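Protein chains in written order, with my numbering: chain A, 1 to 297; chain B, 1 to 322; chain C, 1 to 324.
Think of the hints as simulated: they come from the structure by calculation, not from any bench.
Check the hints yourself; a few may be wrong.
[Said to hold, decoys possible] Using 20 Å as the maximum straight-line C-alpha spacing, the simulated SDA-like pairs for lysine to any residue come out as follows:
hint, chain 1, residue 1, chain 2, residue 2
1, C, Lys91, C, Glu128
2, A, Lys124, B, Arg297
3, A, Lys198, B, Arg65
4, A, Lys124, B, Arg296
5, A, Lys184, A, Leu99
6, B, Lys86, A, Gly185
7, A, Lys198, B, Pro17
8, A, Lys198, B, Gln203
[As the list claims (entries may be wrong)] If the Cβ cut is set under 7 Å, some of the chain C residues that face chain B in the computed set are:
hint, residue
9, Met1
10, Leu16
11, Asp17
12, Gly19
13, Val20
14, Glu92
15, Lys147
16, Gln224
17, Ser242
18, Ile275
19, Asp313
On a predicted model such as this, the values are computed, not experimentally measured, just so you know.
Yeah, the Cβ is synthetic: ideal placement off N, Cα and C, and Gly gets one too.
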Amino acid sequence: MDIDQPIRHVDAVAFQFSRIKKRIFRKKYLKIYVGGSIFLALLFASLLAPIIAPHDPAKLDLTLKLLRAFESEDFILGTDNLGRDLLSRIIYGSRISLLIGVVSVLFAATLGALLGAISAYFGKYVDELIMKVVEIFLAFPFLLLSIVIMAFLGPGLTNIIIALVLSRWVQFCRLVRGEVLSIKGRDHVVAAKALGAKDMYIIVRHILPYTMPSLIVMCTFEVALVIIYESSLSFLGLGVPASVPTWGTMLAEGRTYMMAAPWLSVFPGLAIFVTVLGINLLGDGLRDVLDPRMRGR
Amino acid sequence: MEQEALLRVTGLKKYFPVGKGDLFKPKEMVHAVDDVSFEIKKGETLGLVGESGCGKSTLGMTLLRLTEPTAGQIWFEGKEVTRLSKGEMRSLRRQMQIIFQDPYASLNNRMTCESIVGEPLSIHKLYTGRERRERVAYLLGKVGLGAEHGKRYPHEFSGGQRQRIAIARALAMNPKLIVADEPVSALDVSIQAQVINLLEDLQNEFDLTYLFISHDLYVVEHISDRVAVMYLGQIVEIAPKDELYSSPIHPYTEALLTAAPVPDPTAKRKRVLLTGDVPSPIHLPSGCRYHERCQRRQVDCLDGVPELVFVNKDHAVRCRHF
Amino acid sequence: MEKLLEIVGLKTHFFLDNGVVPAIDGLDFWIGRGETVGVVGESGSGKSVTALSIMGVVPNPPGKTVEGEILFEGSDLLAYDAEQMRRIRGKEIAMILQDPMTSLNPVFTIGNQIAEVFMLHGGKSHPEAIEGAIEMLQVVGIPNPEKRVHEYPHQLSGGMRQRVMIAMALSCTPKLLIADEPTTALDVTIQAQTLALMASLKDRYKMAIMLITHNLGIVAEMCQRVVVMYAGKMMEEAEVESLFANPMHPYTRGLLRSLPGVDRKERRHQRLVAIPGIVPNLLNLPKGCRFSTRCEEHIGICKEEEPPLFARDRHRVRCWLMKD
Ligand SMILES: Nc1ncnc2c1ncn2[C@@H]1O[C@H](COP(=O)(O)OP(=O)(O)OP(=O)(O)O)[C@@H](O)[C@H]1O
Ligand SMILES: Nc1ncnc2c1ncn2[C@@H]1O[C@H](COP(=O)(O)OP(=O)(O)OP(=O)(O)O)[C@@H](O)[C@H]1O
Ligand SMILES: [Mg+2]
Ligand SMILES: [Mg+2]
């Protein structure tokens with residue numbers, strides 16, 4: 001845009017109008033709308049589960065076990081081996097799964113990003129120390145690590161989130177550290193240093209925003225992973241009680257019946273997929289909108 | 001009367017380690033800045049020229065302690081900068097500023113023009129509220145931008161305008177010294193002239209001292225009072241500009257001066273064509289660093305690095321044969 | 001002089017989401033056999049797109065040459081099909097680019113890359129082609145060519161890489177060499193070497209050069225004629241001595257005046273005379289002459305109507321001031 005040219009008033013109004021129109025219908029907003037709608041829908045489903053779920057997710061009825069999907073009007077998605085309604089279980093399952101997925105990833109990302117940025121920015125012994133800790137965390141298989149932490153903390157929702165955060169933050173830490181290593185030498189960072197800015201200010205204001213794009217992408221994938229990992233923990237009796245449905249446990253239980261009753265694993269899997277897609281779209285769209293370079297395009 | 005030096009540098013060195021050394025093989029070093037001494041007087045412009053990789057930017061960054069020197073001292077207004085603590089250094093930064101070559105990279109593209117220019121003020125808690133806004137508007141005006149530009153993001157500006165934003169930011173705290181690292185190299189000639197004029201005007205108005213880094217000999221000739229020529233991490237010649245351009249002593253200066261194409265088709269040029277490339281700053285040539293490419297090489301050029309010797313009061317050369 | 005390449009009314013546009021960018025908007029000039037023509041202008045004036053259009057390699061989409069003729073030895077390149085164009089490229093018209101690092105393939109030895117040109121256009125076998133490559137490296141002054149052919153681009157310095165690019169471009173002795181800012185990425189001393197090399201090879205192979213640059217010093221040294229471009233149009237064209245001695249377009253004058261140190265004796269300690277303002281956005285060109293927004297000599301008609309090219313004293317100038 002030629003900014004030295006004065007824009008006449010009429011032009012300006014017409015320009016603004018066309019810009020607003022463009023804004024609403026632009027593709028990148030579409031991402032936010034679609035992703036946001038999916039996410040909101042999931043959120044509502046989990047909040048309003050008692051109202052919208054057609055059945056009690058815990059009610060057993062062995063006479064109705066393993067009903068096929070789409071065959072009975074009453075049990076649209078079929079029933080599991082204990083005759084529980086799959087749809088209701090998926091709706092109730094969203095509560096725990098979403099909560100665990102979103103909250104633990106948010107905390108893990110924040111912790112990992114901060115430590116990764118500090119590690120890369122200060123370098124030397126700070127870096128060595130943090131990287132040593134990361135190595136220790138990485139030395140254990142993820143599951144083993146979570147089991148140890150859970151065994152230490154005892155079962156429970158908060159504890160499972162703590163365990164997941166403690167075992168996933170290293171991934172974020174490594175990602176952000178790598179990025180910051182290349183960002184910290186850039187001119188705008190050196191310029192901020194030359195202005196006399198303090199280190200933490202530089203990290204938060206001038207470095208972390210530049211890692212957002214890859215951070216957001218990583219978050220969306222981690223949500224899916226964490227939802228699934230939660231099931232492994234619950235399966236071992238270290239997570240939420242087995243009676244509480246979560247997508248991960250449903251997926252794990254369904255595996256036994258993969259051949260006979262594929263819908264038991266397909267639908268929870270689909271739920272995870274849609275969640276990840278929604279969060280991914282939302283993240284992608286937000287990233288585009290938050291990046292001023294993409295504005296007004 | 002002899003004017004006091006605003007900045008004085010003695011024996012400054014900056015080596016970067018490359019690769020991983022081990023027990024049997026010591027780490028290799030890039031000798032980016034290797035034994036540099038000079039001073040800049042208040043209100044003057046010292047031009048710094050040299051080929052890519054000779055250490056100009058590293059020297060500029062080390063002067064402001066944006067990278068820590070390996071050895072040597074830097075004095076600013078009689079204070080030894082190299083001894084200051086982190087906190088003292090932060091407040092000294094108000095006095096010394098830097099402008100970079102690439103106006104795309106040196107501005108945070110997630111901040112508005114206004115917040116970029118106002119950032120130093122908020123970092124040092126100098127002005128608040130309305131005063132700050134007024135100061136930002138004043139600074140933008142000084143560099144030829146209007147208040148209406150304040151709300152825009154860097155990508156909405158042209159290269160020249162972005163460089164103006166960077167200049168306004170550097171000016172915000174009334175610095176005494178500005179290191180300008182190729183501030184016009186990325187700009188078109190017509191815009192380059194605008195920015196050079198702006199830098200000169202600001203120098204007059206605010207009594208600024210510049211270290212002006214460039215590889216464009218014409219630009220340096222135009223803006224500088226004195227010029228230093230760098231080769232492989234060392235200053236090989238430093239002199240007042242008229243003297244340096246009319247009667248260069250070091251063979252490298254001579255080659256550099258004749259290498260620049262003259263924008264005049266009728267000019268007769270007698271060019272000293274250098275052979276070969278600049279040697280690696282890791283494995284330095286023995287003896288005089290320039291001897292492999294030198295048109296006036298002699299046997300004793302291999303006997304160690306020559307000292308920087310003064311030919312007259314202001315003119316020093318690092319060459320045995322003059 | 002016999003015309004080797006003639007460009008007539010060339011228009012190359014880029015069709016983007018937010019509008020059409022007329023990167024080249026009606027360009028007419030020619031290059032004689034064995035002549036060096038400089039193309040100068042500010043960033044974004046369409047110099048590179050001109051080169052790409054001649055080579056027929058404008059990225060499409062979004063770009064397309066929508067109008068005009070590119071006559072090479074009398075026949076219109078725009079009418080050629082892909083196969084015919086492929087035979088012209090590299091053999092009759094060669095191109096070297098600004099950044100020698102990105103234009104060489106990092107995974108092949110430089111020998112193989114030069115040899116490829118020989119095999120494509122000369123129909124030579126691989127050993128013969130490598131022989132040819134060694135010879136070309138010798139021509140461009142690379143020491144130890146027998147050893148260097150087996151090296152990879154990253155093992156060479158910037159100046160050497162540009163020499164390799166020149167060797168590749170010249171291996172089929174093209175009639176026209178398009179050099180797009182060949183020395184912008186190089187140091188002055190290396191630039192001087194490269195320019196001297198180009199000048200000597202030009203004499204040796206009797207080829208024409210279209211030298212794109214924004215450095216007026218290089219133009220003064222290398223070229224016989226100059227084309228000055230601004231925002232997609234040619235503003236002035238003249239022989240080099242005449243252009244520097246007597247620039248007729250206000251833009252050309254502005255460019256020359258904004259150079260520091262042109263005239264050492266007179267200009268000492270004087271302010272530079274800058275051209276005010278910035279280049280207009282091609283999506284939103286001003287009415288009339290595209291330079292009128294920055295021109296200090298503009299008259300009434302300048303903001304109304306686009307000037308045609310006026311011929312005057314062997315200059316061609318797109319400026320209303322030349323009309324009478
Ligand atoms: N952080 C670093 N780590 C390792 N080597 C470095 C670093 N910074 C610079 N160097 C090396 O130090 C030498 C001097 O670099 P410097 O950037 O100061 O050169 P320059 O004169 O500014 O060049 P240019 O004209 O290209 O900007 C080069 O060889 C460069 O590769
Ligand atoms: N692939 C492309 N897509 C869209 N627009 C393009 C593309 N390539 C070039 N342009 C536009 O065409 C115009 C001319 O570009 P060109 O690269 O020819 O400029 P130039 O004169 O070579 O500038 P420079 O000196 O920076 O190389 C510019 O406004 C540019 O934005
Ligand atoms: Mg530099
Ligand atoms: Mg170009």
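- Task: Against chain B, run the beta carbon of Lys147(C) and see if the smallest gap drops under 7 Å.
- Result: violated, 16 Å
- Query: With 7 Å as the cut and Cβ atoms as the points, is Leu16(C) at the interface with chain B?
  - Reply: Since chain B brings no Cβ nearer than about 16 Å to Leu16(C), farther than 7 Å, the hint is violated.
- Item | Hinted contact Glu92(C) with chain B - closest CB pair below 7 Å | violated, 29 Å
- Should the hint that Val20(C) touches chain B count as held when the rule is a Cβ pair under 7 Å? Because about 21 Å separates Val20(C) from the closest Cβ in chain B, which is outside the 7 Å limit, the hint is violated.
- Message: Can you confirm whether the C-alpha distance between Lys124(A) and Arg296(B) stays at or below 20 Å?
- Response: Violated, at roughly 46 Å.
- Message: Min Cβ distance, Met1(C) to chain B: is it shorter than 7 Å?
- Response: violated, 18 Å
- Given hint Gln203(B) paired with Lys198(A) - CA-CA distance at most 20 Å: violated, 28 Å
- Message: Using the nearest Cβ pair, does Gly19(C) come within less than 7 Å of chain B?
- Response: violated, 17 Å
- Query: Is Lys91(C) close enough to Glu128(C), meaning Cα to Cα at most 20 Å?
  - Reply: holds, 17 Å
- Message: So, as I understand it, the hint says Asp17(C) touches chain B; can you test that by seeing if any CB pair is closer than 7 Å?
- Response: Cβ of Asp17(C) sits 16 Å from chain B, so the hint is violated.
- Hint check, Ile275(C) versus chain B [nearest Cβ-Cβ separation less than 7 Å]: Result: holds, 4 Å to nearest chain B Cβ.
- Taking 20 Å as the top limit, are the C-alpha atoms of Lys198(A) and Pro17(B) close enough? violated, 26 Å
Consistency with the previously given hints fails for numbers 2, 4, 5, 7, 8, 9, 10, 11, 12, 13, 14, 15, 16, 17 and 19, ordered from lowest to highest.
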